[in-house]
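Undergrad: Required output: the full structure, derived from the provided sequences and hints.
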Amino acid sequence: MRRNAKLNSHTILLLITIVLFAVLYAGGCIAYASKGFTHLQTFLNILITNAGLICVTCGLTVVMLTAGIDISVGALIAMDCMILAVGMRAGMNAVVMVLIVLVIGVLFGMFQGFLVGYLEIQPFIVTMAGMFFCRGMTAVICTEQVSITQQSSELFYKWANTKINIPFGGYINSKGKYLVPYVRPGVIVALLLLVFTFFMLRHTKLGRAFYAIGGNAQSAAMMGLNVKKVKMSAYMLSSIFCSIGAICYCLNTMAGSVSQALGLEMDAISSAVIGGTLLTGGVGNVIGSFFGVLINGTISSIVKTNGKLASSWPNILTAALLFVFIVIQSVFAMLRNRKK
Amino acid sequence: MDNNVVLTARGITMTFPGVKALEKVDFTLRKGEIHALMGENGAGKSTLIKCLTGINDFEAGEIHVDGISGPVKNHSTKDAQEVGISTVYQEVNLCPNLSVAENLFIGREPMTKFHTVDRKSYVKRAQKIMDELGISVDVTQNLENYSLAIQQMVAIARAVDMECKVLILDEPTSSLDDEEVEKLFTLMRSLRDKGVGIVFVTHFLEQVYAVCDRITVLRDGQLVGEFPIAELPRVKLVAAMMGKNLDDLAEIQKESTADVSKNPLEISAKGLSHTGTIKPFDLDIHKGEVVGVAGLLGSGRSEMARAIYGADRASTGTLSVDGKEVRIGQPIDAMNLGMGMLPDDRKAEGIIADLSVRENIILALQAKKGMFKKLSRAKQEEIAARYIDLVQIKTADQETLVKQLSGGNQQKVILARWLATDPDFLILDEPTRGIDVGTKSEIQKMIVKLAGEGKSILFISSEIAEMLRTCNRMAIMRDGQKVGELDHDLTQENVMKAIAGGGETHE
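Heads up: the sequence lines are chains A and B, in that order.
The opening position of the first sequence corresponds to residue 1 in the working numbering, with each subsequent residue numbered one higher.
The opening position of the second sequence corresponds to residue 1 in the working numbering, with each subsequent residue numbered one higher.
FYI, nobody ran anything at the bench for these hints, they're computed from the structure.
A couple of the hints might just be wrong.
[Stated by the list, open to error] Taking lysine to any residue pairs in the SDA-like style, the calculated list, with each CA pair at most 25 Å apart, reads:
#1 A/K229 - B/L390
#2 A/K205 - B/V123
#3 A/K229 - B/M111
#4 A/K229 - B/K78
TA: This is the structure we're talking about:
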């Protein structure tokens, strides 16, 4: 009996991620206190900037739990943003455009999921094809950058500029004006999605099935789970979440362009890995992924606040972090094997 | 159907391309018994189990299950579970990353009124199930935190909770230690007393006699018979599995008579072992000697060879080659010491099907010389031609692809490959399996001839007769360890008695 051994290696990994975030953030606060890093708004800005990425990472975590991968998400965001921008330029209602984008997410995910689940094609290949398709389609729709202005959609413009005030944590700036901290609607959407995913993974049949399939797909099938259907659901969720993320993303950029969200799929994967999700499937948690996004965001924010460091430094730091995490994970795996 | 019977299979027939895997096999399982299903490799045990569990579609025959009217035909393991037939394999079919409780209930979780998984209630139920079965675990812990034995018991608990009437245990004890095996047996006995019919497949004879009530023996896809345990002593069981009748054993002509025990030692292993596959063993092989390894499949025959050859790195013990102590980390070290090994699974470990006969023959020699000292084409052709002739490979020409040859000729190609490296010590693991009688006797003659040239040979075979014909001495393997040697009175009866064990010792 080992009732007291509640802390298994996966919880420890999650704790390490959270502690690392805290240390990084505290470091930033100490080093750049004079540049306003300690204000609550700095943290909220990380959330605002990364609202889209949080949504995408939630979906990707689900896919990675089933031992799959989805690299189409960055390109899908670009395509969704382009559709939003072009549609609204043509005078379409913002609500209609948002619904269209969500339907595209469902259909696209269903198709990719069908190929992976039912035809048993490698997810990397399927979603790579999806990536090329979306990126290509974006250019087919329009090769130029299309901005969303107040003229094209009053409603969308209003969403983008809505500030949701936070009743605490404000400060008085150098001109003596009291600044109220705020978030954008995208953050609310992202956080709701995060809570939803957390709950779904933990408390629903489908959520537990993702874990089971990632742990051992053959066993899961023998225990009566419909592996094909569950896999397809994972890719559907990923594309739907990605489309929701695209709307959040578009609210920040207010434009559609071919080169948008380039490499965003890699940011999402690295966030999930730093958050303790294993590429081999079956282990992970959206809370970890969320902190993964925050860690990446904090690094960017620190580099930006510093002002002197080249903008490529976040990449190098992320690389270093990924490396550290992979090593820690394999050390844990080795320790566990040795214990047996 | 008899009240007492939970499962009957009648006249089950199943053919794979070219092979009759099962031919009109009958099998009867009663309530509350542990029934051993025994047979050598290829006897049809696995095929029969797969027919019962819906993995194989059998061609003819009927299966009846207690409580279900009409014959049962399962098309998936799920179908089988629904009629009450559950299987637990050696490789546990559970999800290691989920908790014990989830593994018991996944796919059939109790739900709350909000359509979410009712974790509290299934954790409670899981703990109750495990407590009732006397398995001491914390069901909220992940399965991977527990030993394989516990994982297997969880799989069994899942089957029991799904109200299985027939529990099939396929080689469940292969990776368990003695203490764990005993725990498993306790669980099996308590399930038997609750009326579950248990089919137990194992190659450990000791375990059959420790826990089973009845034995069904299969051989070459046919039913040999069903026996109460008391009526089938070990020797008779081994004889039944191997297809030899002890009463009329023909005298076998021995081809090798030279006394080699005075020759210097080629190989001397002291306390060599590989954790998990073979317990420490001593083995001496003189120059020019053929040592046979007798034992049932899974008794540690191949594992012993692999430990010597370095295919499995030795965990303990020392090995001397030609009087000098050596360390072998990997097969190439063994090759450089003049060893060669013909693996038993020639498809997976031996031939490279898409290369030509010539390329397959020079492969080991090239590896031994190093990949950068390429043999010239002319040299390659000369070597290939010499060995094709020597071991009489029937091939159109040197450039024929190996996959186009017959099984026997493929085996000869591998033999040629090792002979080309001019080894002093050759390990032959089942070199004659699945090949025709003519080629068999050629290979046997070749073995005796090689020994005559002063080479030492370790010869593993399931056919006692061919070892009697070629070997000077035999090592006896049982249940993962070397249990003795026979160097005189090499007769089929003596060898079988030694393999079966449980009687006198043969040290």
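Undergrad: Starting from the hint list further up, note which numbers the structure goes against and sort them upward.
TA: Number 1 - this is the single hint that the structure violates.
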